[in-house]
Amino acid sequence: MEPLGWGAIAAQVFVQFTPVWIGMVAVFALSIVFKRRLGLYGKLFDSTIGMIGFALVLFWVFTAIFADAIVTHDPLAQVSGLKNATLGTPVPEGSVYTFNVESPLGLKQSGPYYLLGGDNLARDVFSRMVAGSTVVMQIAPLATLFAFMVGITLGLPAAYYGGRLDTVLSFLANLILAFPVILLFYLLVTPEIVQTGLPSFMAMVLFLFPLLFLWVLLNSRFYTQPMKQKLYLGGVVLIGGLLYLSVISQDRTPINFWPDALDLFDIPGGILIVFVAVVFVNSPTVFRIVRGIALDVKTRDYVAAAQTRGEGPWYTMLWEILPNARGPLIVDFCLRIGYTTILLGTLGFFGLGLPPESPDWGTTINDGRRLLSIYPHPAIVPAVALMTLVLGLNLLADGLREESLRD
Amino acid sequence: MALFILRRLGVMLLTVLCLTFIVFFLTNLQPNLEKLAKTQGNMRMTDEQVEIWLSNRGYDRPVFVRYGEWLGVLPGWVGETAQGDPVGRCIAEGMPPLAEGEAPPAFCGVLQGHWGYSTVFRAPVSEIIATRLGLTGILMFWVMVVMVPMALLIGVLAGMREGSRTDRSLSTVSIVSTATPEYVSGVILIAVFASSAVGLRWFNGTATSAMDDVTFRNFTLPVITIALYGMGYIARMTRASMTEVMTAQYIRTARLKGVSFRNIVMKHALRNALIAPFTVIMLQFPWLLNGVVIVETLFNYKGFGWTLVQAAGNNDIELLLAVSVVSVIVVLVTQLISDIGYVYLNPRIRIS
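Chains as they are written, first to last, in this note's numbering: chain R, 19 to 425; chain C, 5 to 356.
It is worth saying that the hints were derived from the structure and are not from the lab.
One thing to keep in mind: the hints can contain errors.
[Stated by the list, open to error] In silico SDA-like cross-links for lysine to any residue, where the CA-CA straight-line distance does not exceed 25 Å: (1) C:K261 <-> C:R275; (2) R:K61 <-> C:D171; (3) R:K246 <-> R:Q325; (4) C:K39 <-> R:L216; (5) C:K42 <-> R:P374; (6) C:K39 <-> R:V255; (7) C:K306 <-> C:N318; (8) R:K101 <-> C:S199; (9) R:K61 <-> R:A73; (10) C:K42 <-> R:L389; (11) C:K42 <-> R:I211; (12) C:K39 <-> R:A73; (13) C:K42 <-> R:G215; (14) C:K42 <-> R:P209; (15) C:K42 <-> R:P373; (16) C:K42 <-> R:E210; (17) C:K306 <-> R:I392; (18) C:K42 <-> R:T208; (19) R:K61 <-> C:R172; (20) R:K61 <-> C:T176; (21) C:K39 <-> R:T214; (22) C:K306 <-> R:S49; (23) C:K42 <-> R:V212; (24) R:K61 <-> C:V180; (25) C:K42 <-> R:L216; (26) R:K61 <-> C:E166; (27) C:K39 <-> R:E210; (28) C:K39 <-> R:M220; (29) R:K61 <-> C:R169; (30) R:K61 <-> C:G167; (31) C:K306 <-> R:L389; (32) R:K61 <-> R:S49; (33) R:K61 <-> C:A244; (34) C:K306 <-> R:Q325; (35) C:K39 <-> R:E375; (36) C:K39 <-> C:Y63.
In isolation and in its complexed conformation, chain C is listed as follows (with noise of 0.2 Å):
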């Protein structure tokens, strides 16, 4: 077990060393770099002038170079400006201040605990992050309070008896949840629930005033849009094997000593039904992922999935960086777990 989990750790580290790689050079290519250059500086810049502007800024050396320096590995690039003051990677704006005398330090990458400045907030990265990613936190904890209890609920209820009534519509309701996308079952909730010429007028269509203060009002519409697309599958999958366990010898033989159809689902048949399930839901965060930033996008929410769109939109190489590494490590993790979890769940892989 611990040589998995030791092999998975070594696997992961590659992955995501390979995937900063790839976001790292796209956002340095040479358009990107003058797209930023531009809106750093002055839309109106001549090629020469952007030229000046990458090079007074480090943009212009080799990007293997600046990568490992990035990570830390290697020493932070220094340089003078036009005046003769000293610039450099590791006496940037967003790097703790100095006592006086004290020389910058060498290195300053993220093994060192520096994420960097952010171009487009004008703020740390880390700083960054660690705000959006508690509001995003809220956020994903709600839908989790709605999504998994009522998905398993769909789900039980749908498999306890397979190919009845209840089965039918609760399958034909799951079916319809996960065919609707965040950006469909946002807007249609939002004309339905919060619109002001047409509608019900129960909810906010923006969850802007959530940031400080979560309210029923203002949060129901983004929780309910996320916990339906992922409710759906989950659901599917919780019936699925709900169908499968109640097919099982040991059901029947509980049947057969007059066991009451309550009690064999309560006691018998949830316990072994919940197993996939639980694999389920680990493997939902990256699904989770992409639709809180649709929603986030959508209602104007100003977490983790927003930073994402901001990042990538303004090409702030850093803040996106972060940002990659943190929903790749966050995908990652939970596949761990999800693996770990179905062998500790699950006795028959666990002694074999």
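Here chain R stands alone, though its shape is the one from the complex (with noise of 0.2 Å):
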């Protein structure tokens, strides 16, 4: 078969990503039709850079979701002779696949072509770069959320009562963003440090916090509601308990105590450790962001207004303070995801944390580097996609601020 050219390229990608149209077309038609009901998200229609935005991120998301049918070749699978192939090269018939590692995808079927190359392990560039996609995004908003947690659960009280204890947090914060990031990462994530256990006990301590955070959400809610009370904080136990164990208790680390029946799930090797570290990372600054809001917030009549009918604390700050705080924080959640992504792509251009066959966009790039003056694809593919999201959340929570600052 002959290559394909440029133009068949683009028609054959495009058409690979035909699940990801109907879905961003059906979300946008229904956006625009309901746009009036929808609050603040509705606005983002009014806003062309909101919509560019919600319109790429929206491309990464289905893009992650459906990644198993975009792509065209498992992402791990070897066709020998395809090493470093350029764009649009044919598969040779009758091929064999080798895999170097076990594939958790084991895609036996495969297209007939290589759409954008492949890279130096002869691996297809263009299913690694759509099932990077799926590593980023099962991380990236999960990681931002998590740091959010924490930096509100750290944030709130700091501001609401000052003194000692504001002063020992935000030293400690400042401590942390005192850090050059890269150096942080390689104290955390290498390989001897996950040996001594340290990012498991960290992982302990830091996904406390979403659970801390929803009890005393609920409890300061229906304090008053000893029945509803019950039910919610029974539930948060029982369900958080149980995510929370199983998330921490993970093989061959030394926190390794939760019976094997109850456990959940297991997390594949690297992304916990990665999690862990990114939202170590975020969340000093997340914590920062909430208490100079809730300082500012703090000083409002309506929450004078609780306070004097007798509101506890902690119900002032999650029920009064931290609703009329939610504007910039929507903001700033959109702008950490991108930056949480190329904190991740920084990890991986050093190769750390993650498996060196990951097909993260980090990794790939970093693959992909050594070989650039002569084989620039495999490293230019995924780095186009990881600016395209990050450029669809700056220009997502550009519209978003531009919009809430309108009323």
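Two chains, two frames, some hints: make the complex.
This is the structure in structure tokens:
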């Protein structure tokens, strides 16, 4: 077969993304029809910048969801003879697939072409880029959410009570922020440190915060309704506790006490450590932002009113101050997912944390950069993917900021 | 003011102590020491040999004591090898040679000016840090020369007429540049401007030769790569501050009395609009440090960031400690300068 031309490659790639286009059109159509009823989210569709950003983000979200349907080859499968193949190279008839690592997907079917070429281990660049989006989408938003829970749970009391608590917490946050991020990663994510179990202990502490946050949130709200309080808190403890114990108890780490029968899931190697490192790096910044906003909101009249009618400190913090700080926090959340994506790429770029065959973008850029001046495509494709996602998140944040400032 | 600076210096000292202890503790965990022993001695050492290697070099004592020795507040460790030769912290490699019959000093830590000996580069840490910092200094100088004027220009042009077409397009440019981390822009720039297969072949894809001789050809790409990422943020801050100034009352007054738009921007608005960016530029240093590490690795420019990666990757304890001390001090000093500068530039805060 002949190699594909540029137009044919673009058309093929477009066809491969069909599920994504359908999903995006559906979301956009529904959102624009009902935009007057959707609050801040609906207003996003009044701003061009916001819409472009949202489209880019949505594209990668759907790509991550439908990755198995979009890939043309298994992201770990190697086809002999297609090492560093150029764009649109056809896969030879009856070629044999080899795996140097066991692949979780194990796809046997294959497309007729390496659409965006092959990398230095003869794997399909297009499929790896698509599979990489799943890794990024699994980690970045969730890690950012966890960082926010840690930051909020510590930042609100620091601003509300002030005094010594504030001094100590702010000092600790500044301490972490004074570290160059890469040095921190090198200290936390090397195999030797993983052996000592330090990341597992950090996971124990950091993952406790979401539970704590939900507990305090519901407890302060339903304090006056004992029935509901017991029901919700029981639910949090039961479900949250089970998830918490399943997450922190991992095989091959010092913390492995939870019986396998009750262990709901095992997180593949490296992901938990990367997750913990990213949450740890992000939380001090979130802490500072939350503290800053809460210091400002604290002086408002409605907070004084809540205090006067005898609400507890946690109710005031979580149900009076926090909802009124949501605007800047939502905007920062979008920006921070982008920043987390950049951090994940940085980790991959230095070969830290995730296994070397992982298809995530940072690792693939790192793989591709060695032969960059001869075969640029294995590094360029994930680089452009990462850039568009971060750009989308930044534009989305910009659009949200503009729309939330309008009223 | 003096009290404020004094207090900040105290907090800084405490921060540096805490941070160096954390680095010291993490690099001295047992698995890290075993790795160090195996890379320095022999890859196939048995556990027993590793123990002996570590105890011969004094690595088996409590971590607090050894941190004290590194700082120079506790006397250095002394011992004997199996042959009966004296060994110890203060007679190790990298110390100044002793005169005949002179006893080695009791204390030899950072406070005495001994930063230790690098196990990777086999040279005194202070020498390595000095040369590498010099190289990174050259890189940073050119980054600043390119980044600051560009960022301010973009910010001022975008902010002087809010909502205009120039504003829209320049704001988009700055968003795109903040969304492109160094390892992405570096890869794209190399592919476009330095690739031997496709592309323009204008510049070199590595900056190794720039360590001896900086030329336009070998230094443009690394400088542009770092400058691009930092530029967007500074430009956006400048734009925000410029739009705020342009809506101020005194600008309207100047307009009403018939001053030309050009003069308003140059003589009235600019000075006030540049206060906020000054702080932002200073606070960019810690971020630039990150960029420097990535770019020096990508372009193989053996400066400070490259040294950090080498030291961290090989668990070179004393070099890593020195690297973290330097980088933390850079971060904290720039924070202090930005605070002082902000007070100094803004008379409203100075008086109250």
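Could you tell me which of the numbered hints above are not met by this structure, giving the numbers in increasing order?
-> 6, 10, 12, 22 and 34
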